[in-house]
Structure formats: structure tokens, C-alpha cells
Amino acid sequence: MAYHKITLTINGEPEQVDVPSNMTLLKMLRERLGKTGTKNGCAAGECGACTVMVNGEPVNSCMILAVECDGSEIVTVEGLSDHGSLAPIQEAIMESGGVQCGFCTPGILIASQALLNRNPNPSEAEIREALVGNLCRCTGYVRIIEAVQAAAQMV
Amino acid sequence: MTYKFIGKRIKRNEDPRLLTGQALFVDDVDIPGMLHVAFVRSDYAHARILNIETEAARQHPGVVAVYTAEDMGDEWAPGPPLVSPPPTLAGVIFNSRRQSPLAKGKVYHAGEAIVAIVAESRYIAEDAADEVRVDYEPLPVVVDLEKAMGPDSPRVHDDLDTNLAAHMFQKKGDYEVARAQADLIIKKKFFLDRGAAVAMENRGVVAHWDEKSQQMTIWDTTQAPIPIRNGTAARLGLSQKQVRVIAPFLGGGFGPKAMMFYPEEMLIPWLSMKLCRPIKWIEDRRENFYATTSERQQVHEVEIALTNDGRVLGLKDDFLHDTGAFDPYGLTIPLNTQCHVTGPYDIQNIASNCTAVFTNKPIVTPVRGAGRPQGVFIIERMMDFAARELGMEPLELRVKNLIPPEAFPYDKEIIDQAFAKLILDSGNYLPVVEKAREMIGYDQFIKEEQPRLRAEGKFVGIGITPFIETTGVGPYEGVRIQIEPSGKVNVATGIGTQGQGHFTSFAQIVSEQLGVAVSDVSLVSGDTAEFHWGTGTFASRGAVVAGSATLAAATSVRTKVLKLASKVLETPEEELELEDGVVRVADLPHRSISLGELAALANPLRGAVEPGTEPGLEATDYFGPAYGATSFGVHAMIIEVDPETMMIEFKRYITVEDCGTVLNPLILEGQIHGGVSMGIGNSYYEKMHWDENGQLLNASLADYLIVTAHEMPNRIEVGHLETRSPFNKLGTKGVGEAGAIPVTACFTQALENALEEYHLEILESPLSPNRLYELLRNLTMSTYGREARK
Numbered sequence: 001m002a003y004h005k006i007t008l009t010i011n012g013e014p015e016q017v018d019v020p021s022n023m024t025l026l027k028m029l030r031e032r033l034g035k036t037g038t039k040n041g042c043a044a045g046e047c048g049a050c051t052v053m054v055n056g057e058p059v060n061s062c063m064i065l066a067v068e069c070d071g072s073e074i075v076t077v078e079g080l081s082d083h084g085s086l087a088p089i090q091e092a093i094m095e096s097g098g099v100q101c102g103f104c105t106p107g108i109l110i111a112s113q114a115l116l117n118r119n120p121n122p123s124e125a126e127i128r129e130a131l132v133g134n135l136c137r138c139t140g141y142v143r144i145i146e147a148v149q150a151a152a153q154m155v
Numbered sequence: 001m002t003y004k005f006i007g008k009r010i011k012r013n014e015d016p017r018l019l020t021g022q023a024l025f026v027d028d029v030d031i032p033g034m035l036h037v038a039f040v041r042s043d044y045a046h047a048r049i050l051n052i053e054t055e056a057a058r059q060h061p062g063v064v065a066v067y068t069a070e071d072m073g074d075e076w077a078p079g080p081p082l083v084s085p086p087p088t089l090a091g092v093i094f095n096s097r098r099q100s101p102l103a104k105g106k107v108y109h110a111g112e113a114i115v116a117i118v119a120e121s122r123y124i125a126e127d128a129a130d131e132v133r134v135d136y137e138p139l140p141v142v143v144d145l146e147k148a149m150g151p152d153s154p155r156v157h158d159d160l161d162t163n164l165a166a167h168m169f170q171k172k173g174d175y176e177v178a179r180a181q182a183d184l185i186i187k188k189k190f191f192l193d194r195g196a197a198v199a200m201e202n203r204g205v206v207a208h209w210d211e212k213s214q215q216m217t218i219w220d221t222t223q224a225p226i227p228i229r230n231g232t233a234a235r236l237g238l239s240q241k242q243v244r245v246i247a248p249f250l251g252g253g254f255g256p257k258a259m260m261f262y263p264e265e266m267l268i269p270w271l272s273m274k275l276c277r278p279i280k281w282i283e284d285r286r287e288n289f290y291a292t293t294s295e296r297q298q299v300h301e302v303e304i305a306l307t308n309d310g311r312v313l314g315l316k317d318d319f320l321h322d323t324g325a326f327d328p329y330g331l332t333i334p335l336n337t338q339c340h341v342t343g344p345y346d347i348q349n350i351a352s353n354c355t356a357v358f359t360n361k362p363i364v365t366p367v368r369g370a371g372r373p374q375g376v377f378i379i380e381r382m383m384d385f386a387a388r389e390l391g392m393e394p395l396e397l398r399v400k401n402l403i404p405p406e407a408f409p410y411d412k413e414i415i416d417q418a419f420a421k422l423i424l425d426s427g428n429y430l431p432v433v434e435k436a437r438e439m440i441g442y443d444q445f446i447k448e449e450q451p452r453l454r455a456e457g458k459f460v461g462i463g464i465t466p467f468i469e470t471t472g473v474g475p476y477e478g479v480r481i482q483i484e485p486s487g488k489v490n491v492a493t494g495i496g497t498q499g500q501g502h503f504t505s506f507a508q509i510v511s512e513q514l515g516v517a518v519s520d521v522s523l524v525s526g527d528t529a530e531f532h533w534g535t536g537t538f539a540s541r542g543a544v545v546a547g548s549a550t551l552a553a554a555t556s557v558r559t560k561v562l563k564l565a566s567k568v569l570e571t572p573e574e575e576l577e578l579e580d581g582v583v584r585v586a587d588l589p590h591r592s593i594s595l596g597e598l599a600a601l602a603n604p605l606r607g608a609v610e611p612g613t614e615p616g617l618e619a620t621d622y623f624g625p626a627y628g629a630t631s632f633g634v635h636a637m638i639i640e641v642d643p644e645t646m647m648i649e650f651k652r653y654i655t656v657e658d659c660g661t662v663l664n665p666l667i668l669e670g671q672i673h674g675g676v677s678m679g680i681g682n683s684y685y686e687k688m689h690w691d692e693n694g695q696l697l698n699a700s701l702a703d704y705l706i707v708t709a710h711e712m713p714n715r716i717e718v719g720h721l722e723t724r725s726p727f728n729k730l731g732t733k734g735v736g737e738a739g740a741i742p743v744t745a746c747f748t749q750a751l752e753n754a755l756e757e758y759h760l761e762i763l764e765s766p767l768s769p770n771r772l773y774e775l776l777r778n779l780t781m782s783t784y785g786r787e788a789r790k
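Here the protein sequences line up with chains A and B, keeping their order. Position 107 of the first sequence, counting from 1, maps to 107 under our numbering, and the rest follow consecutively. Position 70 of the second sequence, counting from 1, maps to 70 under our numbering, and the rest follow consecutively.
Do not take every clue at face value.
Derived SDA-like pairs (lysine to any residue); straight-line CA-CA distance at most 20 Å [claimed, not checked]: (1) B:Lys651 - A:Pro88; (2) B:Lys458 - B:Lys435; (3) B:Lys171 - B:Gly474; (4) B:Lys11 - A:Leu33; (5) B:Lys651 - A:Glu146; (6) B:Lys172 - B:Tyr627; (7) B:Lys11 - A:Met154; (8) B:Lys11 - A:Glu126; (9) B:Lys8 - B:Gly474; (10) B:Lys651 - A:Ala125; (11) B:Lys435 - B:Glu396; (12) B:Lys172 - B:Glu75; (13) B:Lys651 - A:Met154; (14) B:Lys567 - B:Leu588; (15) B:Lys421 - B:Gly474; (16) B:Lys11 - A:Gly84; (17) B:Lys11 - A:Leu86; (18) B:Lys11 - A:Ala125.
Hints in this document: simulated from the structure, not taken from any laboratory. Model, not experiment: these values are computed from the prediction.
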């Protein structure tokens, strides 16, 4: 297996990683860089638990190879809060009761933040559309949708 | 009762960790030198294993070991039976057949593990698994429940004469007498099918045998770490003290992660001991569909006997229950079905006959609801059909038969999953029904809105369904509470947590007793090194059983605090109050001492701890209820069916819940929301499609459709009423499964109502847009078994 030296920015910090060609971004984040906040729920692009931002876009990190991310800016759930103070979307989800088991939460946070970045005042329908790739089995989504609306007001 | 913390909408203590990616889940455990496991699983649902060729896999670079059942030698043994059949029922037949760590000689369902490959990485293990060759002799497959009990059916287990897994009969009164007195008898046959639990986190086990300390540490996605510890110690010939099982944060449980003793749970710790290396196995999503348990398949033949004025005199239910290839979990699910098939109604004559059947499908164990949704579906369908026959309004018929408030505690005379008589502890059902009726605007919808919308050509319907949920069963749970010199409070309990908010709701119970902030209470749950007595989180029992143990332990600590403070402050205990982390004299608030200082005084460095006392401000207590606590609720919905696409829109969704004392409405409502989303899936989107070869045709999240943000109602309106349970001091009743239990029954009612002009009669679940289209296309008025007399 060929290895590749790639350079990328993760949560604002530059990183150089030696990765085999077949390693997904998810596996690199979790196993090479110890960023285990990003979760693996299906490894097939179906559940959205592994969503991270790649150059501002929400991406299933199980469906993209690490080598493809050479030169990219990555944001994971660990990069949302700023030195211990929660980002508005994190604060809003906590306030609304939008976390239960928390396994889908990292992906939901990233997908929601990516939505708010491109659309600071989304309608309920737009929020549902943005979250349709993120499965949650605990909450029924109701509070999460409320939280994204609340976060939009907080920013 | 006025509380300061209990019943308050308090943010969850655990959320900051979960929101920042700092919470430890099993797959996050990383130990130097850790090896990874992949399994070769059966392609066939039923086949004899003729030969297993593993040499190529063993030679694969990076592979450390390969194990088949043969390679395990004398240490191969099936899993333990976890739940035995109810001993108090006469004439029960129960054929116990259990799963094994690796299949030996024969496979019983597709996806059964045959070979374990241990390698330096999961990638290598998977590649090597492809190099294993298994020769099978395919055998006839048992899939269909009714055919499985036919005389010519192939058999799942060669050593049994039939596919009968279990048989049990329960009765109250005399159904035949009720039948003879009835004006109307309705008979129907129902088909309920399987769904998957689909926790977002798949299962996983990391086992670390440390040769030097002779200690086994296991991180397991289990809802029941203590039984897993005890069983593992027994299997491996270790003392219980040598095994520590940690259930860290779990990404949802929903039943299948309860104390199954999965093949992987038996095998991974064994491999770690054999190889003296830490070993990790994380289930993939496809394995989750094949190797994790699921449930709900039953076939019911039901008869209900009524008077012309709508009194239900009796109910008779003969049903088949699919238990899959093995039955390690005993009869929990069909017992729940038997307990719920008469719902919240006062029915004096019941005959329930259950036949559990082996099939060549994955093992059946409880999934959120655990046999209750089936029972509720059956009784509520029968109520709908009866109302139609009698020309009564559906809700009126239900109200007429509700158990009246003066009848509690009400003895159903049916044995429940805890093998105790089902005694409904308390309740006042009618106000809950009335509240739901009012919240959804039932009368106005029927009289005004629905006719108007129908005139516009819209297919809108309403459903309203009461239900009970038996919860909070024994045997017991325990909790240890300790005040630290910092003034913070440590709580440890044996039950695991899978998102239910235990870190917060249990902290609220502690805060109420000790007068500390909820955020100053730190809970450890599901680590056998912290607390090693208990069973686990299932059957909606966490809040009732572990919550009550928390109250007991917190009360004991409070007693110690007051005793010591009384001495220090030279004031009688009854003049002291606990608030804001200090004990103070009620009338002289400047005379106070903090809990932290008291904790330090209680653990002196000099002097003696008096005989008969213990150091520290610490207590351990237990709660073991003789009977469970039973919640009551009503779901109501208004839906619109798109006649072109058969897609459903939820216009309104209401639940009213009486689960006794509410610990935290934020958490409670979240539980309801999630349950409803699962119930909607179970009603209209989720069905495991097994073909005649026992292959699952939709074993991925692209094909097995759980509800997304699109399908959910915009709002779920939750109402509460409170009838405190007299069976525990908190007065609380469980609610963890309530959201999911009545949805299918209510949805089906609403769907028939929306399509009233077609006289649709729905006798199955789950449906789907396709299936609804088929039903409408093939409409023939079913008059199966209808027998109006007198």
C-alpha cells in the first residue's frame, strides 16, 4: 500500500500526516489524530454521524479518502467550541434538550453549523433539508430543529 | 409535594462532554498493542458446515490468529440462559437453545459468526476474512411462522421434534362463559412483522487481559454491565473481582444491547486472554442488521366478546411469536404482549395462548416496547372494529371500558416479565383521555374540520389511543453516594446509561436531599469497579428502580450529615436545614458549616471514629420492588394521506402521559419524542424484509428506512397528569418506552379514518406507502370470522 504525506488544517491547527491510500478521512481523524469526537455509525455514507466540514462543506468523512483532503481545511466537533466556551449551536442544543445518547450529535452539530454558515437565518424547512442526511434515533429531531433556529437568533 | 430540584427542567450535566466530542464511547478506547477482529459470518440461514479452510487467512500478513469453534477446543460453550420461563405458571413448555461464540457443525441464521480473524488492523482482518473458505450443505430454511409449526416443516434444531420454542397459556376468569353471554363476537387475524432497533452506535467490545495484574477490563456496549461481568468471570474461570466491565457512554441501546451475551461478548475477552493482547471488535452496520437482535414478529388470532352497549366481556388471543434461531432471553416479549393485550381496560375474562417458534432468523430479544406495542396494537384494533360494528364512537367505547380509579391497585391476574402478578399500582385514566381529547380538539375536528377538509378532497384522519406501559420491575438496583471534602457529591450506580439523562435526573434526586447544585453531583454509571450490584437498564426501570435506590442512599447520607452537623453546630437536628451546599441553623443562617467541611470532619486524621459509626458521609442503599409501576398515556394524531404518493403528513401529534412524579420534564419529553419517532418508523417505514431463504433484503440504512427530519411531525405536544405510584417513595413510574408503544395502533386508526370512504380494514403492521397502495388496490371487504349474534 502506497503512503502519502499530506498537509491539512484541522480545527485551525496545521497537521502533517502519513496516510495509506485506502485510509478514509474518518479513520485518519479517529485513529491517527485521536480526534474521536467524530463517530462511525455505518461507514457507508448513510447515517451522517461522521460529518465534518471540509473547506466549509459538510462531508461524510467515511466516504472521502484522507489523501483527497490534502491541503484542505477540516473542522470537527472538537473545533466548534472556543477554548472551552460552547459555540451558539452547542449552547442551543443543550438548552433545548436536543442531545440524548450524543452519538449522532457531532455530525448534527457540524451539519447545522455548515447550514448556519451559508444561511444565517434558515427556515424550518431548510433546517430539515440540511439535516436529512443525519440520522438520530433518540430525539425525533424536534428539539434539534428548534435548537438550530435558536442558534440562528443567537449569532 | 413541592420540590426544589425534582420535576424541574434542568439542563443535562452530561451534555458539555457530548457536545464537544469528549465523551468516551467504546470505539474511542485505544490501547497500545491492541489487535482487531473481523468475523467470517454465515451466508446461509440454515446449513451444515462441511469444512472450513483457514490456512490462507492464517498466512495473510498482519494476521495474528484465526479461530474456529474447533480451535476453541473444550473452551467452546454456548451462552448462558439469561431469563428462565416463568416458574409460577403451570404447564409451561420451554425449550432452551442458546447461541454460541462461533458456529459449530451447523449455522442457524444468516450472519452467524463462524470464524474470528485477529489482526494488526481491522482492514487486514477484513481482507483475511475474505480468504477463508467455508463449505456448506444448505438445509431447508424456516422463515414463515405459521409454516414453521406445520407438520412438514423443516426443523431449526435437529434435536427437537418441532420448531416449538415455548408454549404458555394464561387466563383470567373464563372466556367461554363471557363468549356465551356476549351479544357480539368479533374475530380477526393479525400479522405483525420485525423491525430493527438501529441504535446509531453499533455494538462493540474491547477486552484487555493484563497478565501481570491478572485483571480483565472490558469496555462493552452493554445495557447490563454487571450480568456481563458475572457471566464473563464464570466463563473464563476468573473471580468476579478480576473482571471489570465498563459500559461508558453508549450511542443508544433500545433493548438489543441488554444482557444478551452475544457471541462477540463471549469471544473477545476469551481471545484477549489467549493472546495476552488488548482486542477490539466494533460491529459494522451490516453486522448490526444480521448479528444484533430484533423483534416484533407475531401472528395473532383474536376474538373479542362484547355486549350491545359496548362492555367488553372477554378477550381470547392465540398467538405465534417469532423467537429467531435461539431463545436466550426467555419469554419476556410474549409475556409483555400478554400483559398489554387487554390494555387499560377492565376485562374480566381473558384467555391468552402463546406459542413461541424457532425460525432461521437472528435472535429475538426486546426492542423498545418489547412486546407491548404488539399487545396494544391488537386490543386497539379490536376496539376500532368493535366500535364500528356497534355504531359507537371509538373513544366512547374505550372510555366505557377503562379501569375506574377506585379499582386500583388492579390485579390483571396475568404473570408479567418479572414473573410477578401484574398489579397495576395506581391510575386515574379518564382525565388523561379527556386532556388528550381536548388538546387535539377531537370533537371540533370530527364535527367541523374533517368534513370541511374532506369536502376539499383531502384525506385527513384522526386517531386517539390510550395505553398502559408496565415499568420499573425488579429485582433491584443499588446506589452509593459520598460527599467529598470539596463539597461535591459522587454517585455510583450499576445500571448503564444510553442517553436517558441519568447523570442529571439522578443528580436531581440527590440535590433534593442534600441541598447541593445539580451540577455538583457527579454520577458514574455502568462501571463494575465503581458499583457491582444490580442488573441493568431495560424495561423502563432506571428512574423507578435506580432512582428509588438513589433516593434511599441520599436520605441516608442526609441523616449522617444532620447528625454530625447537629453536634458541630450544637443545635438539634430538627432546627437545621440543608441548602446551597451548607447546613445552617434555620433561624440563624450565619451559623452554618459547609458539606465539604463536614465531610472532612467525618474522616478525621486524628482521634477515633466512634464504635458503631462509619467514616465519611457516605451511604449505599438498594431498592427492590415486589411489583412494577404502570404508566398510562394517550396518543392522538391528525394525519393527511396524499392519495397519489401514499405519503403521510402529521398535522398534529399529541401525547398525554401519567408516569407519576416527573423527575425532569426536559428529559421526559425527549424520551417521548424519540419513542414517537421510532413508533412512526415501526408504523410506516421500517420493516425487515426476509426472503424465503432467510436473507435480509434491506440490511443497510439506505434500504431500511428509519425516520429522518423530514418524516417527523413539526411538533409533538406533550401533556402531563400525575398519579403518584404508591409502590415507591418517589411516586414515579417508567416512561422510557412509552413514546413508541401506542404509535402503530394510533396511526392505523388514523389511517383508516382518513381513508374511511374505502372501508379499509388494516390487519397488519408495519405498513409502508407501497403496502398501503396495494391494500387500496386489492380492496375486498374482509368479513373474516365476523359473527353477529342475537
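### Task
List in ascending order the numbers of the hints, as given earlier, that are violated by the structure.
1, 2, 3, 4, 8, 9, 12, 13 and 18
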